[in-house]
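> Chains A and B, in that order, are what the protein sequence lines are. Just so you know, we're using full-length UniProt numbering here: the first sequence kicks off at 1 and counts up by one. Just so you know, we're using full-length UniProt numbering here: the second sequence kicks off at 1 and counts up by one.
Quick caveat, the hints were computed from the structure, so don't treat them as lab data. Check each hint, because a few of them may be wrong.
Not the full set, but computed from the structure, chain B residues with beta-carbon under 8 Å of chain A [to be verified]:
1. T347
2. E489
3. S493
Keeping only pairs whose Cα atoms sit at most 30 Å apart, straight-line, the calculated DSSO-like set for lysine-lysine is [said to hold, decoys possible]:
4. K408(B) <-> K305(A)
5. K351(B) <-> K307(A)
6. K351(B) <-> K148(B)
7. K411(A) <-> K19(B)
8. K325(B) <-> K307(A)
9. K411(A) <-> K325(B)
10. K307(A) <-> K148(B)
11. K372(B) <-> K325(B)
12. K411(A) <-> K351(B)
13. K351(B) <-> K305(A)
14. K408(B) <-> K398(B)
15. K19(B) <-> K305(A)
Please read all numbers here as calculations on a predicted model, not as lab measurements. Cβ coordinates follow ideal geometry from the N, Cα and C atoms, glycine included.
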Amino acid sequence: MSSTSPSDAALAPGAKDTPAPGTPGRSSGLSINVRQSGIYIAFALIVVLFTILTDGALLQPQNISNIIVQNSYILILSIGMILIIIAGHIDLSVGSVVAVTGAIAAVLMVNYGVPWPLALLITLIAGALIGAWQGYWIAYFGIPAFIVTLAGMLLFRALTLTVLGNQGIGPFPDAVRTLSNGFTDGYFGNIGLGPLGGADLFSILLGIVAVAGMAIAQWRTRAARMGYRQAVDSLPMFLLKIVLAAAVILFVIVQLARFKNLPWVLVLLAALVLGYSLVTNRAVFGRRIYAIGGNLQAALLSGIKVKSVIFWIFVNMGVLSAIAGIIFAGRLNQAGPTAGNSFELDAIAAAFIGGAAVQGGVGKVVGAVTGGLIMGVINNGMSLIGSPSERVMLVKGAVLLAAVAFDVWTKRRAASASR
Amino acid sequence: MTDDILRMRGITKTFPGVKALQDVNLSVRRGEIHAICGENGAGKSTLMKVLSGVYPHGSYEGEISFDGEPCRFADIRDSEHRGIVIIHQELALCPQLSIAENIFLGNEQATRGLIDWNRTNAEASELLSRVGLHENPVTTISDIGVGKQQLVEIAKALAKKVRLLILDEPTAALNDEDSEHLLDLLRGLRDEGITCVIISHKLNEVMAIADSITILRDGRSIESLDMATDEVTEDRIISGMVGRALENRFPPHEPQIGEEALRIENWTVHSPTQRGREVVSDVNLTLRKGEIVGLAGLMGAGRTELAMSVFGRTYGTNISGRLFKEGRPIEARTVREAISNGIAYATEDRKRYGLNLIEDIKRNVSAAALSKLARRGWVNDNEEYRVADEYRASMNIKAPSVSSVTGKLSGGNQQKVVLAKWIFTDADVLILDEPTRGIDVGAKYEIYTIINRLADSGKAILVISSELPELLGLCDRIYALSAGRITGEVQRSDATQERIMQYMTKGLD
Numbered sequence: 001m002s003s004t005s006p007s008d009a010a011l012a013p014g015a016k017d018t019p020a021p022g023t024p025g026r027s028s029g030l031s032i033n034v035r036q037s038g039i040y041i042a043f044a045l046i047v048v049l050f051t052i053l054t055d056g057a058l059l060q061p062q063n064i065s066n067i068i069v070q071n072s073y074i075l076i077l078s079i080g081m082i083l084i085i086i087a088g089h090i091d092l093s094v095g096s097v098v099a100v101t102g103a104i105a106a107v108l109m110v111n112y113g114v115p116w117p118l119a120l121l122i123t124l125i126a127g128a129l130i131g132a133w134q135g136y137w138i139a140y141f142g143i144p145a146f147i148v149t150l151a152g153m154l155l156f157r158a159l160t161l162t163v164l165g166n167q168g169i170g171p172f173p174d175a176v177r178t179l180s181n182g183f184t185d186g187y188f189g190n191i192g193l194g195p196l197g198g199a200d201l202f203s204i205l206l207g208i209v210a211v212a213g214m215a216i217a218q219w220r221t222r223a224a225r226m227g228y229r230q231a232v233d234s235l236p237m238f239l240l241k242i243v244l245a246a247a248v249i250l251f252v253i254v255q256l257a258r259f260k261n262l263p264w265v266l267v268l269l270a271a272l273v274l275g276y277s278l279v280t281n282r283a284v285f286g287r288r289i290y291a292i293g294g295n296l297q298a299a300l301l302s303g304i305k306v307k308s309v310i311f312w313i314f315v316n317m318g319v320l321s322a323i324a325g326i327i328f329a330g331r332l333n334q335a336g337p338t339a340g341n342s343f344e345l346d347a348i349a350a351a352f353i354g355g356a357a358v359q360g361g362v363g364k365v366v367g368a369v370t371g372g373l374i375m376g377v378i379n380n381g382m383s384l385i386g387s388p389s390e391r392v393m394l395v396k397g398a399v400l401l402a403a404v405a406f407d408v409w410t411k412r413r414a415a416s417a418s419r
Numbered sequence: 001m002t003d004d005i006l007r008m009r010g011i012t013k014t015f016p017g018v019k020a021l022q023d024v025n026l027s028v029r030r031g032e033i034h035a036i037c038g039e040n041g042a043g044k045s046t047l048m049k050v051l052s053g054v055y056p057h058g059s060y061e062g063e064i065s066f067d068g069e070p071c072r073f074a075d076i077r078d079s080e081h082r083g084i085v086i087i088h089q090e091l092a093l094c095p096q097l098s099i100a101e102n103i104f105l106g107n108e109q110a111t112r113g114l115i116d117w118n119r120t121n122a123e124a125s126e127l128l129s130r131v132g133l134h135e136n137p138v139t140t141i142s143d144i145g146v147g148k149q150q151l152v153e154i155a156k157a158l159a160k161k162v163r164l165l166i167l168d169e170p171t172a173a174l175n176d177e178d179s180e181h182l183l184d185l186l187r188g189l190r191d192e193g194i195t196c197v198i199i200s201h202k203l204n205e206v207m208a209i210a211d212s213i214t215i216l217r218d219g220r221s222i223e224s225l226d227m228a229t230d231e232v233t234e235d236r237i238i239s240g241m242v243g244r245a246l247e248n249r250f251p252p253h254e255p256q257i258g259e260e261a262l263r264i265e266n267w268t269v270h271s272p273t274q275r276g277r278e279v280v281s282d283v284n285l286t287l288r289k290g291e292i293v294g295l296a297g298l299m300g301a302g303r304t305e306l307a308m309s310v311f312g313r314t315y316g317t318n319i320s321g322r323l324f325k326e327g328r329p330i331e332a333r334t335v336r337e338a339i340s341n342g343i344a345y346a347t348e349d350r351k352r353y354g355l356n357l358i359e360d361i362k363r364n365v366s367a368a369a370l371s372k373l374a375r376r377g378w379v380n381d382n383e384e385y386r387v388a389d390e391y392r393a394s395m396n397i398k399a400p401s402v403s404s405v406t407g408k409l410s411g412g413n414q415q416k417v418v419l420a421k422w423i424f425t426d427a428d429v430l431i432l433d434e435p436t437r438g439i440d441v442g443a444k445y446e447i448y449t450i451i452n453r454l455a456d457s458g459k460a461i462l463v464i465s466s467e468l469p470e471l472l473g474l475c476d477r478i479y480a481l482s483a484g485r486i487t488g489e490v491q492r493s494d495a496t497q498e499r500i501m502q503y504m505t506k507g508l509d
């Protein structure tokens, strides 16, 4: 809800799989904040459930890699979406923006032969401009985001069709495809892991560096808090959390190293999660978003530039949509007229499953990404056991409803407990 | 034996971890006005919720009998059926519906499922005349003032054939005139045989209207007083409420008044909704360092409007006039400019405009001056914790830690958080709008102490208050505002309630 813990950011590399439970530092005892850690426990249970149902196929190296790559664009969108939802708004246009930015990238690279780095830059700027367009109407003109982005959903889909001339455009240059679909090179060769076979040394070293970095950051945070005489987790609890997080990260990394090394999108995603967690927890800008979503009037009377903050989170959503658009198009090796259909719904669902509150003011980047992964694992797991798509949809709908119902229920319980 | 319409015996209500009510007894005689007094958190509202069935039978211990019959209400409908109607502090009216529709909300005058509008409006008119409200029943609720809305609530209760009317802080949002009218109405209802239970913080009001009083403290019933036989004074009630005799309701204070801090010259503000209407007219006002200045005025006099227009033009259009800070002209066109010029405004409605209730104490304290805790856009949250914790200690904010959510604090502690937030902006001029509204007596004293301390540290303070005794007890100098104009200025030594009231009503037709 209101965690200040920079630990979330430090935990971020674990976001690609179960991050360690809860946020350290809030409570001195063993009390577990159900609302905050419930999502991670739920995710762990879902992973365990599908691991059993699929006889372990879910956690096979190739499948883990697939889950990450297949869901990367939704996860990226959910990062932007959670910021907007925390501020008390919504964005229904992201699917169409994914389509139109993918189309712009394709036309630039394929039809006009623009070099790929320049084309990507132009695409990102286009995404920012789209976000600025919507942000202007919402923040400065005062039209509800629901309406502006509903209009945007139609506008940018129309623009996609115009840009593409109603047909798919491809193929993309190798560099773009590598970013979307490819893996890091085995720079240092392989090492043997006994019964597990060979694995990429570079990936494993990177994983170890990430774990060590996380542990050191957490330790320093804890030490700093103790220096300020704040309540922190007891040492065994702290170590337990670190070891759990480290185990999860290393497990995923080793599995990936045994397959084709690290997907580039995972590297990108880890960087985004880390960066945005820091922004939401520690940056003045991030704090403003929570303040606005928590009580708009109080934020205005506290001198917070509400309009500018709202404007920029929509610009940010535009840029993240452009990144997702490039990755999605690169993955299909084609920008198509129907790209990104209903992505907005997946991103919104991810944010709410991940603990965002309907009224705004509450939510976390890591939560939204976990919410996205929950849906990803359900999708993947159910298709592994051969469930028809209607059943997958049914389960996803039920999970979304259950997550929000749980949130409302815990809030009501908390309210009645405090009289 | 007295003829009691209501008896509550041994009521105990526990919430997880808290005993909200413990063995509370309450007897209300038929046809009396019975006041319930107690500090915030004493259990007044909880007791009324038990009585009205908000907390159903079985969720509490103890016996309730109404009219000699035992009651086991499952919900509010049950209790309303018996003629017990509660009117909450926050009015439960639909602003977009008409008066008549609101009166019969949930109790529609219908034949075979179709609403009979003629009957609805005719009966509404009749009820309105009973409560002395001369409005057309088809008028929309949002078009009438709070005072009249309160009367609509009472008409609504009458429509339900009320026999025991419970009013929770009915006059909290009303000006003196509307309050007086409401109290008269309650006396009239009493004479018609309707029993009233009134919860109020305003002790003068309780003294004026109640036939008997029950005092609650910390979830227990302390004593019941009969106004006719017991010798009841405000001090007696207060000592029952706080469990100690308050020597004085205001802490002693020797002002150290210095240089001029803020001067407002020829300040005129127009209404943002009604074209051409001046809400504040040609106001001149001076605040000095170390001085606590009061701003008195009836509701609608333009007090809050004046304050908010000065604070970054957060109210009003077409604002003219000049501001001087320590003699130098300044601009405060936005909240940020106002804050950077050392002006702070603590709102009268802390829940709606002052606090982010879902956030914790420390983030509320830092909200208006977060840049002080940040370097290159990054917040040092350990410093934030330390700063907030210092305020928690120095202002005696009662909370387990500064990571506690503000929405769960009591009104007095929430107000302290609001004050801490504005003190942390390093403001030299603090405008405090109704700083003790809805706060119990003990916490009020603490807030007054904080205000005195701020003045002693050289801050200039403007206190806006509807309670004249508060202004008289706290302020060194008082301005009276009437219909947007300053109609008088009184030094503490010459100030009397009568004199200020005269100024406050000057120029009103």
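> For each hint, tell me whether it holds in the structure or not.
Consistency of the hints with the structure:
1. Look at T347(B): its Cβ gets to within about 6 Å of chain A, closer than 8 Å, so that hint holds up.
2. This hint is violated: E489(B) has a C-beta 28 Å from the nearest C-beta of chain A, more than the 8 Å allowed.
3. For the restraint placing S493(B) at the interface with chain A, the shortest Cβ-Cβ distance is roughly 35 Å, beyond the 8 Å limit, so the hint is violated.
4. For a cut-off of 30 Å, the pair hint linking K408(B) to K305(A) stands: about 27 Å separates their Cα positions.
5. Only pairs whose Cα atoms come within 30 Å are accepted, and K351(B) paired with K307(A) is accepted, the gap being roughly 22 Å.
6. Annotation: proposed proximity of K351(B) to K148(B) holds, straight-line Cα distance about 23 Å (limit 30 Å).
7. Between K411(A) and K19(B) the CA atoms are separated by roughly 21 Å; this keeps the pair inside 30 Å, and the hint holds.
8. This hinted pair checks out: K325(B) and K307(A) have alpha carbons roughly 28 Å apart, not beyond 30 Å.
9. For the suggested pair K411(A) and K325(B), the alpha carbons sit about 46 Å apart, so the restraint of at most 30 Å is broken.
10. Restraint check: the Cα-Cα separation between K307(A) and K148(B) comes to about 36 Å, which exceeds 30 Å; the hinted pair is violated.
11. A C-alpha spacing of about 22 Å is found between K372(B) and K325(B), which places the hinted pair at or below 30 Å, so the restraint holds.
12. Under the criterion of a C-alpha separation no larger than 30 Å, the hint pairing K411(A) with K351(B) is consistent with the structure, at around 18 Å.
13. Taking the CA atoms of K351(B) and K305(A), the gap is about 20 Å. The hint holds against a cut of 30 Å.
14. Between K408(B) and K398(B), the direct Cα distance comes to roughly 11 Å. Compliance with the 30 Å bound is thereby established for this hinted pair.
15. Using a Cα cut-off of 30 Å, the hinted pair K19(B) and K305(A) is violated, with the two alpha carbons roughly 43 Å apart.
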